[in-house]
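Participant: Take the two lone chains and join them into the complex the hints point to.
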Amino acid sequence: MQKDQRLLDLAALLLKAAEPVSWREIQEQFPEDYAGTGDAAIRKFERDKADLLELGIPVRYAAGDEDLPAGYLIDKDEFYLPDLRLAPEDLALLYVAGSAALAQGTFPYARDLAHALNKLSFAASAPGASETAALAARRLSAEDVEPPPAVVRWLEELSRAVAQRKRVHLRYKRAERPEERERDVDPYGLFQKGGAWYLAGYCHLRKDLRTFHLSRVVSLTVNPAAPRTPDFAVRPGFSLAALAAREPWEFQVHPPQSCRVRLDGPVSDEVLASFGPAKRVEEVAGGLVVELEATNAEGLLRHVLSLSGGAEILSPRPLRERAREVLSALSRGLS
Amino acid sequence: MTAPRSRPRPGPAPAAPSRADPRDRLRRVLFLVPYAVRHPGSPVKELARRCGCTEKELLEDLDFLLNVGSPPFAPDDFLDVYVEGDRVHVALHQSFSRPPRFTESEAAALAAAAQALGGEGRERAVKALRDSVPKDRRKSFDELSQRIYAGAPPAPDSVLGRLERAIAERRTVRLAYHSASRDAETDRVVHPYTLAQRFGHWYLYGHDRQRERPLAFRVDRIRGCQPLAERFEPPGEAEVGRMHLFSQASGEPVRIRIAPGATGWALARPGIRLVRRGEDGGAVVEVLAGEEWATRFALSLGGQAEVIAPAAARRHFAEQVKRTLSRYG
Chain A
1 MQKDQRLLDL
11 AALLLKAAEP
21 VSWREIQEQF
31 PEDYAGTGDA
41 AIRKFERDKA
51 DLLELGIPVR
61 YAAGDEDLPA
71 GYLIDKDEFY
81 LPDLRLAPED
91 LALLYVAGSA
101 ALAQGTFPYA
111 RDLAHALNKL
121 SFAASAPGAS
131 ETAALAARRL
141 SAEDVEPPPA
151 VVRWLEELSR
161 AVAQRKRVHL
171 RYKRAERPEE
181 RERDVDPYGL
191 FQKGGAWYLA
201 GYCHLRKDLR
211 TFHLSRVVSL
221 TVNPAAPRTP
231 DFAVRPGFSL
241 AALAAREPWE
251 FQVHPPQSCR
261 VRLDGPVSDE
271 VLASFGPAKR
281 VEEVAGGLVV
291 ELEATNAEGL
301 LRHVLSLSGG
311 AEILSPRPLR
321 ERAREVLSAL
331 SRGLS
Chain B
1001 MTAPRSRPRP
1011 GPAPAAPSRA
1021 DPRDRLRRVL
1031 FLVPYAVRHP
1041 GSPVKELARR
1051 CGCTEKELLE
1061 DLDFLLNVGS
1071 PPFAPDDFLD
1081 VYVEGDRVHV
1091 ALHQSFSRPP
1101 RFTESEAAAL
1111 AAAAQALGGE
1121 GRERAVKALR
1131 DSVPKDRRKS
1141 FDELSQRIYA
1151 GAPPAPDSVL
1161 GRLERAIAER
1171 RTVRLAYHSA
1181 SRDAETDRVV
1191 HPYTLAQRFG
1201 HWYLYGHDRQ
1211 RERPLAFRVD
1221 RIRGCQPLAE
1231 RFEPPGEAEV
1241 GRMHLFSQAS
1251 GEPVRIRIAP
1261 GATGWALARP
1271 GIRLVRRGED
1281 GGAVVEVLAG
1291 EEWATRFALS
1301 LGGQAEVIAP
1311 AAARRHFAEQ
1321 VKRTLSRYG
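The listed protein sequences derive, respectively, from chains A and B. For the first sequence, our numbering begins at 1 and goes up steadily by one. For the second sequence, our numbering begins at 1001 and goes up steadily by one.
None of these hints come from the bench; they were simulated from the model. Remember, it's a predicted structure, so these values are computed and weren't measured experimentally. Take the hints with a grain of salt, since some may be wrong.
[As the list claims (entries may be wrong)] EDC-like, lysine to aspartate or glutamate: derived pairs with alpha carbons at most 20 angstroms apart:
hint: 1; chain 1: B; residue 1: 1135; chain 2: A; residue 2: 51
hint: 2; chain 1: B; residue 1: 1127; chain 2: A; residue 2: 51
hint: 3; chain 1: A; residue 1: 76; chain 2: B; residue 2: 1136
hint: 4; chain 1: A; residue 1: 3; chain 2: B; residue 2: 1024
hint: 5; chain 1: B; residue 1: 1322; chain 2: A; residue 2: 312
hint: 6; chain 1: B; residue 1: 1135; chain 2: A; residue 2: 312
hint: 7; chain 1: A; residue 1: 3; chain 2: B; residue 2: 1057
hint: 8; chain 1: B; residue 1: 1135; chain 2: A; residue 2: 83
hint: 9; chain 1: A; residue 1: 44; chain 2: B; residue 2: 1021
hint: 10; chain 1: B; residue 1: 1139; chain 2: A; residue 2: 77
[Said to hold, decoys possible] For each label pair, taking beta carbons as the anchor points, the in silico distance ranges come out as:
hint: 11; chain 1: A; residue 1: 277; chain 2: B; residue 2: 1227; range: 47 to 53 angstroms
hint: 12; chain 1: A; residue 1: 164; chain 2: B; residue 2: 1085; range: 42 to 48 angstroms
hint: 13; chain 1: B; residue 1: 1143; chain 2: A; residue 2: 285; range: 48 to 54 angstroms
hint: 14; chain 1: A; residue 1: 145; chain 2: B; residue 2: 1075; range: 45 to 51 angstroms
Every residue, glycine too, gets a C-beta built ideally from N, C-alpha and C.
Chain B with its partners taken away, still in its complex shape (with noise of 0.2 angstroms):
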């Protein structure tokens, strides 16, 4: 171990892009490598997908990689990765055939989103994060977990805890499901595909029975959920592909007209887009969302906008208007 370095290196490692941190690669490598000696032969897109590269960025990886070794640097010190036919094989891996632990800023980031979904098991997940954490850093952890808030979880916990379950086991589940609609407590089976986030909502995302096709529950308006002896198979790639949160016929955008005052507030609200600046600093903004929750958007924003189209939400807006207007005379 004492001979100092006596081979010349294969040839100068080509540099990381120059505007990267040098550590992005070295995180990126230090999953990459592990990652390859568990799925030899993996196609080099398949990978560079895995790591959020590009195929030229991961292949540049590789090259750095093959300079990458240890004293006393004989062949076999080298950390040896290959491209063969488009597969990545690793021959020799030097130790690095696990990823490292998380750091504190990966464990605190997915202990914030855990906590802002919730669940029973939120307890346990983040304890088993902080424990991934190497000793020294755990005290960053706690005092970095308490920097990111990312919401309050939107349901009871026994029901997440089940949904959580359920979506983990393919078990189907019985809902007690509020219906904004109509108003009402509605009975639903459905196969639960997945949890998902819009516009600051979490959604259940699954296969309902009666309706026969996949449906989006607001978590907030599910009231009780009873998991059936029954399993699922749960959906393909493919059909993973087609899924939608929302049914793509939800109607014609609605338009609003926001006063210059109300213009940074408005479009700093997520689903807002923006239709076209007027020259007072007003705007025209546009949401998908329904002549109700548009009428409730425009009215939020105290007298600064009204809803201008289509003629039917329009006249919604004016209606709400003059019924509120009545409570004060």
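Extracted from the complex, chain A is given alone in its bound form (with noise of 0.2 angstroms):
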């Protein structure tokens, strides 16, 4: 019998069942599938019992009592969905927040949103102005949303990869250069960022964490040795939001390096805050001095050029040198 429907069959059965179901009962019913005294038959049902879980449907097997024979069955309670009881703006929150992440067209586990964002009707016993605001979040997220379909699909394969904790092989285009890269990689996490999805995980050939954009990846691989069991731990401590928080200019790319920035006032809450939650801040005549720590001080110099004139880099020296030099290179080819 095809996979599939065995499955259906196995949880219609074991739903309509007043009692546990035995094993032998089972191997009755599916004499196809699990017959024989072998361990293959039973590590056949427990494979299936897993695909069920998978899918939301919890087998469990009870032990048996006076009462009670031994065998599988499925808790009622435990298999139907639930009413969520959420109040209408917290429903509202789940219906916008998963349609318009959805309509993006680049979301990780993107199809499982689409099923979760069906169950939802079944979830809530009036989603009526919550359903008609997905709807409209849905149209609006989408237009004129052309998803790159790579990156559709490395979102698929590491959402699957991240979840198994599988070792992925990437190949990657480099910033900077147009070379490429090939790496074995630990997926941690899927972070988005400026409205463009990375993967964070343990590099193996740089020995530490790191993070991919995913636009630069050029072909991935994700181990197919042993699906159900994982290659690696994550290591402890790790935070992707940490990560995803990190600030261009805090990239690990030479020692700490202190650099002062001038703004002219009045500096907009949103210019201020562009400059991350790790910095001192000092008012001074006409606008706001800013210090923080570097570690890649050229993240930090793009930062302050794309603020145009109204921002300025007081110091390191070298760094104030560098902005004026792409700067007057950028004039030259204007005039």
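Facilitator: Put into structure tokens, the structure is as follows:
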């Protein structure tokens, strides 16, 4: 019998049964599938059980007692999706956030997210307003968005690799040079920054944590061996959020360097916040001076340049000099 | 219950498309059957849209379901889902009357999306999601939730929480909104329709009373949000179909030339459209976000990009370069 049919038959059998169903009985009902006395049949059944659990259907073994025989069962309470009992605004949050994320075309576990949104209509008693809002969120967030097909594929494969903790092999374009590097990476997680997705993981080439911009991945293979056995454990203390919150000038490129940036007043909250939380701010005549530690001064330079005339690198001297060179070169090209 | 399978199946089940994971079909039908039970007589087209598959796939799913049942496989032991006049009915659902609980990846994906939007409700929502994963999988849910990070919430919790409530309750809001073009705080009265995401930013989309049209407001520029007593009628499906996050007349696209070394970076940014690649590995790209944004973007590439067209945008870029350079004189 085909596997998908067998799984559903098995679920139907256990859902209907009034009491636990013994292994012998299951074997009798599925003679083509679980026949024989050896371990092979049991292992096949165990794999099916695991597949059912992955679909959200928990099959449990109950040891017998005076009242009930020993066997397998599905607890109805553990099977059916319960009502989430959420306040309308919390439901709106789930609907709108999920729909907007899905509509972008690039989100990890996108297929799971689509299933989750579908199921949500069963998990709430009155989703009316939220469903309308979700429809609008989906339309607006999808408008003019053409997700790069490669990134969609990498996200899908990496989602699985992250969940199953399987090592991946990457070919990766370098940022500044037109060459590619191959690396083995233990995928720790996926994060989004500025609308783009990154893989964070342990790089076996660099022997350290690294992040990879998914649109620069050229090819990717997930270790196909033993899909249910993890290849690695995530290092203790790893925080995806901390890594995602890192500013470009905090990437580990050189030893820490203290840098000062002048911002002309009035400085908007948005501009000030763009320098991250780890900064000292000093008020000076006509504006502010921001002081921070950079381990990638080039990243800071680019950020300051992007603020154009309203911001200026004060120190260190070589960085200030570099800003002048970059702008002079641009200016020469323009005249 | 001990009688062996006594009745031959109605026929061989149609095979799932060869490339598809059989679990995809199972997940689909585990939603499809309860949905059809709850909405009897749904059109095939509507059901296919709901399930995210084609009508052909849906009809194949229905054929497949005819073969699903449980021992002793008497006629009443099979699922009975049928199509009559293009509408789907369920005669026997065999206990598949509600979908199964969330899998850990379904719940974790939804939780990650909720975390990135935020609002006071997010802790409650994530907890409710966790509780609706089977007990055995909750640890996996906790683990997986730490492995997806879709971004930091865009505004103070109080603003978002109020916006979410107002959307759910169809309640008008008064916003204190920082307008970037005027660099000033403005007072707006808005019917909040929904929130949407574009290029890494969250927007509130709603009908602005003074301006008499729907507009997008960047959520991180909303400084305050007061719900008012007045309720509004939500937009109908046709109106939703006509919605645009930004007005169409956002001007001519701005073209930027990128040096070979920065092309990878530049094209990785959302909202950047490739016009052509140069032979040297460089590129010309287009952005629709206006000359101000284009100048900032080009400068952020550290000297490896310049705005080339239209003439006014190039002038703006040149002025900014000159003005900034004068600070380093």
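Participant: Now tell me if each hint is right for this structure.
Facilitator: Status of the hints after comparison with the structure:
1. B:1135 - A:51: holds (16 angstroms)
2. B:1127 - A:51: violated (25 angstroms)
3. A:76 - B:1136: With Cα atoms ~15 angstroms apart, residue 76 (chain A) and residue 1136 (chain B) stay inside 20 angstroms; holds.
4. A:3 - B:1024: Distance of about 12 angstroms is within 20 angstroms: holds.
5. B:1322 - A:312: Holds. Residue 1322 (chain B) to residue 312 (chain A) sits at ~13 angstroms (cutoff 20 angstroms).
6. B:1135 - A:312: violated (56 angstroms)
7. A:3 - B:1057: holds (18 angstroms)
8. B:1135 - A:83: holds (16 angstroms)
9. A:44 - B:1021: At roughly 18 angstroms apart (the allowed maximum being 20 angstroms), residue 1021 (chain B) and residue 44 (chain A) satisfy the hint.
10. B:1139 - A:77: holds (19 angstroms)
11. A:277 - B:1227: 47 to 53 angstroms: Once the Cβ atoms are compared, 30 angstroms apart, the range 47 to 53 angstroms for residue 1227 (chain B) and residue 277 (chain A) is violated.
12. A:164 - B:1085: 42 to 48 angstroms: holds (45 angstroms)
13. B:1143 - A:285: 48 to 54 angstroms: holds (53 angstroms)
14. A:145 - B:1075: 45 to 51 angstroms: holds (49 angstroms)
Figure legend: structure checked against the earlier numbered hints; hints not met, in rising order: 2, 6, 11.
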